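Asker: Assemble the whole structure, with the sequences as input and the hints as a guide.
Chain by chain, the residues run as shown.
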Amino acid sequence: MNELAASPYVIEAVYLIASALFILSLKWMSSPTTARHGILAGEIGMVLAIAGTLLHHGIVDYKWIAVGLVLGSGIGIPLGMVHMTAVPQRTALSHAFGALCVTLVGTAEFYLGTQNNSKFGLSVLSMEVILGGLTFTGSLMAAGKLQEILPQRPITYKGQNFVNFLLMAVAIGSAVYLVLHPEAKQFFPLIVGLSLIFGILLIIPIGGADMPTVISLLNGYAGLSAAAMGFVLQNKLLIIAGALDGSSGLILSVIMSKAMNRSFTNVLFGAFGQVQVAAAGGAEVKPVHSATAEEAAAILAAANKVVIVPGYGMAVAQAQHKVRELYDILSKKGVEVRFAIHPVAGRMPGHMNVLLAEADIPYDRLIEMDEINGDFPQTDVALVIGANDVTNPAARSDASSPIYGMPILDVDKAHTVMVIKRGMSPGFAGIDNPLYYLPNTLMLFGDAKQFVGAIVRELSGGH
Amino acid sequence: MSENLIDALFIFMLACFIGFEVIRHVSPLLHTPLMSLTNALDAIAVVGAIVMVGERKSTFATVLGTIAIVAATSNVVGGFFITDRMLKMFKSSRPSE
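Sequences listed follow chains D and A, in order. Heads up, the first sequence is in the numbering used here, so the first residue is 1 and it goes up one at a time. Heads up, the second sequence is in the numbering used here, so the first residue is 1001 and it goes up one at a time.
No lab work stands behind these hints: they were computed from the structure. Don't take each hint at face value.
To be verified - Interface residues of chain D toward chain A, partial, derived using beta-carbon atoms under 10 Å:
id, residue
1, Ser31
2, Gly68
3, Leu71
4, Ile215
5, Val354
Unchecked claim - Restricting the straight-line Cα-Cα distance to at most 20 Å, the calculated cross-link-like pairs of lysine to any residue (SDA-like) are:
id, chain 1, residue 1, chain 2, residue 2
6, D, Lys449, D, Ala293
7, A, Lys1088, D, Asp360
8, A, Lys1057, D, Tyr62
9, D, Lys333, D, Gly461
10, A, Lys1091, D, Glu336
11, D, Lys258, D, Gly405
12, D, Lys258, A, Pro1028
13, A, Lys1091, D, Thr33
14, D, Lys27, A, Phe1081
15, D, Lys236, D, Thr114
16, D, Lys158, D, Ala169
17, D, Lys258, A, Arg1024
18, D, Lys236, A, Ile1011
19, D, Lys258, A, Phe1020
20, D, Lys449, D, His83
21, A, Lys1088, D, Asp364
22, D, Lys27, A, Ser1027
23, A, Lys1088, D, Arg36
24, D, Lys286, D, Gly423
25, D, Lys305, D, Asp410
26, D, Lys449, D, Ala298
27, D, Lys27, A, Met1013
Since the structure is predicted, the reported quantities are computational estimates derived from the model, not experimental observations. The beta carbon of each residue, even a glycine, is placed where N, CA and C say it ideally should be.
Answerer: As structure tokens, this is what we get:
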């Protein structure tokens, strides 16, 4: 018997308080001013819940618990120290870890036979390991693609959707069989195995720019699998936390899909129609106007209102700190500088915001697309750095374009547009961008970090 | 058991509605820390693993459970750490905030 045992009511009371703290934690994330209270609430809730659990009467030995807690902390701390550019893959990895925990506990519970008396218990257990399994491998694949260890381009083959569908059907069918015939234990490894494979196959056809939607979806699945674990263990705190995480992931996925004007099913299963458009149209080379750093600096210095449009390319070039210097020097000259953030800029929801915040750019300068789009006609200069498809006017006007209907930033409506780009190669959607050929557009060819650095030098040197 | 089940379903439903409502109001500015926070909270799954490992009912369960504790604790510690780091970076240009 556990000498530290506390009455189950004490532990339930602690869970009740922790649940309330978790909900408050998320509520306080609504704005940057209250957000840090949110973290504190979450941390207190977590510590309380874990401490309360340690008093559980069924625990006879703390040794391995302690080992696990210490090892976990040892891994978690370095993972918490990554740069903002690595946050998408770290997030994907943490989804994998969360799903791993749920799948392992589910598997162990199955072989301990705790759910054998209950059809419902076995059903949620199956759901737990199916969701957990596919989220585990799917998230590992996503992390691999983001870290560029795995190829970022979609890997497709004929009949792919059929194979995936078949796999999942067999897994679910086996689960149903198992629930009706709990003695058929051999079906369990089949269910887990198929789910793991399904996770891999689900993610390989997805390309880099679709990652924000996919990461959000995996976040949701990880939450749902934890909620299923809560049903199995009859732990209300887990059900609540899982439901919160699940709905968060789901909402973000919907927002991301809308921002790309594609449905889920299209993101998950539609890799075919999407990238292959790169082919046609490259024949004639149309002329563009280009400019040097000095010219660009002069135009910027003379402007009153400047909007900078950052894209993932800026992060890849590690130019965000130079951009901050540009922001500083222009602001000192009395120019109003704001940043237009497209919802799917970056590799995960809100990624561009943390990249710019890391570079010390004040958050009130970061304006969402819907808010800032109406301001472009009054903007003197729109400076596009490392963004392409989100500025492409074909999305508005060209019904035959693959990105038609996607919400974009109306940079072409500004008085002058300057685009920093290495060359004229197409963006992720593989199509040309009419913006570059407009009369009021100037192309600034070069590496983002170097070019912005050169503009900053011009602005500080000459005047 | 079925009474517990109904209670659990009620709670799940209410939690989903609360989740939708609360998350809807999170500023897009904070979507990235939101995801790392929800992931850290989700790692509360560690409590299930803790009880299972502590009960020592079988070697298999203890081994799987310990690995589960490691994975979940990594999310708890790392998740809160990185979310806090991110939020510290958000500064306003207006001195009053």
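Asker: Now tell me if each hint is right for this structure.
Answerer: Here's how the hints hold up against the structure:
Against a cut-off of 10 Å between C-beta atoms, the interface hint on Ser31 (chain D) holds, since the closest Cβ of chain A lies about 6 Å away. Taking 10 Å as the C-beta contact cut-off toward chain A, the hint placing Gly68 (chain D) at the interface holds, the least distance being around 3 Å. For Leu71 (chain D), the suggested interface contact is upheld, since its CB lies about 5 Å from the closest CB of chain A, less than 10 Å. Taken as an interface hint, Ile215 (chain D) checks out: its beta carbon lies about 7 Å from the nearest beta carbon of chain A, inside 10 Å.
Look at Val354 (chain D): its Cβ gets to within about 5 Å of chain A, closer than 10 Å, so that hint holds up. Of the supplied pair hints, the one linking Lys449 (chain D) and Ala293 (chain D) holds, its CA atoms being roughly 12 Å apart against a limit of 20 Å. For the proposed pair Lys1088 (chain A) and Asp360 (chain D), the alpha carbon gap of about 10 Å is at most 20 Å, so the pair holds. Distance hint between Lys1057 (chain A) and Tyr62 (chain D) is fulfilled; the C-alpha atoms sit about 13 Å from each other, no more than 20 Å.
Taking the CA atoms of Lys333 (chain D) and Gly461 (chain D), the gap is about 13 Å. The hint holds against a cut of 20 Å. Among the hinted pairs, Lys1091 (chain A) with Glu336 (chain D) is consistent with the structure: their alpha-carbon atoms are about 18 Å apart, no more than 20 Å. As the CA atoms of Lys258 (chain D) and Gly405 (chain D) are separated by approximately 10 Å, the hinted pair is consistent with the 20 Å bound. About 14 Å separates the Cα atoms of Lys258 (chain D) and Pro1028 (chain A), which keeps this hinted pair within 20 Å; it holds.
Restraint check for Lys1091 (chain A) and Thr33 (chain D): satisfied, since their Cα atoms lie roughly 9 Å apart, inside the 20 Å limit. Between Lys27 (chain D) and Phe1081 (chain A) the alpha-carbon distance is near 19 Å, which keeps this suggested pair within the 20 Å criterion. Of the pairs offered as hints, the one joining Lys236 (chain D) and Thr114 (chain D) holds, with about 18 Å between alpha carbons and a cut-off of 20 Å not exceeded. For the given pair, Lys158 (chain D) sits about 19 Å from Ala169 (chain D) by alpha-carbon distance, which is consistent with the 20 Å threshold.
A threshold of 20 Å between alpha carbons decides the hint, and for Lys258 (chain D) with Arg1024 (chain A) the separation of about 15 Å falls inside it, so the pair holds. About 7 Å separates the Cα atoms of Lys236 (chain D) and Ile1011 (chain A), which keeps this hinted pair within 20 Å; it holds. Between Lys258 (chain D) and Phe1020 (chain A) the CA atoms are separated by roughly 17 Å; this keeps the pair inside 20 Å, and the hint holds. At most 20 Å may separate the alpha-carbon atoms for a hinted pair to count; Lys449 (chain D) and His83 (chain D) meet this at roughly 17 Å.
For the hint linking Lys1088 (chain A) to Asp364 (chain D), the alpha-carbon distance of about 15 Å falls within 20 Å, and the restraint holds. With a C-alpha separation of about 11 Å, the suggested pairing of Lys27 (chain D) with Ser1027 (chain A) holds against the 20 Å cut-off. Taking the CA atoms of Lys1088 (chain A) and Arg36 (chain D), the gap is near 8 Å; set against the 20 Å cutoff, the hint holds. Taking the CA atoms of Lys286 (chain D) and Gly423 (chain D), the gap is near 13 Å; set against the 20 Å cutoff, the hint holds.
This hinted pair checks out: Lys305 (chain D) and Asp410 (chain D) have alpha carbons roughly 15 Å apart, not beyond 20 Å. Proximity of Lys449 (chain D) to Ala298 (chain D) is assessed by CA-CA distance (about 18 Å); at most 20 Å being required, the pair is judged to hold. Between Lys27 (chain D) and Met1013 (chain A) the CA atoms are separated by roughly 18 Å; this keeps the pair inside 20 Å, and the hint holds.
Hint compliance for this structure: every hint is met.
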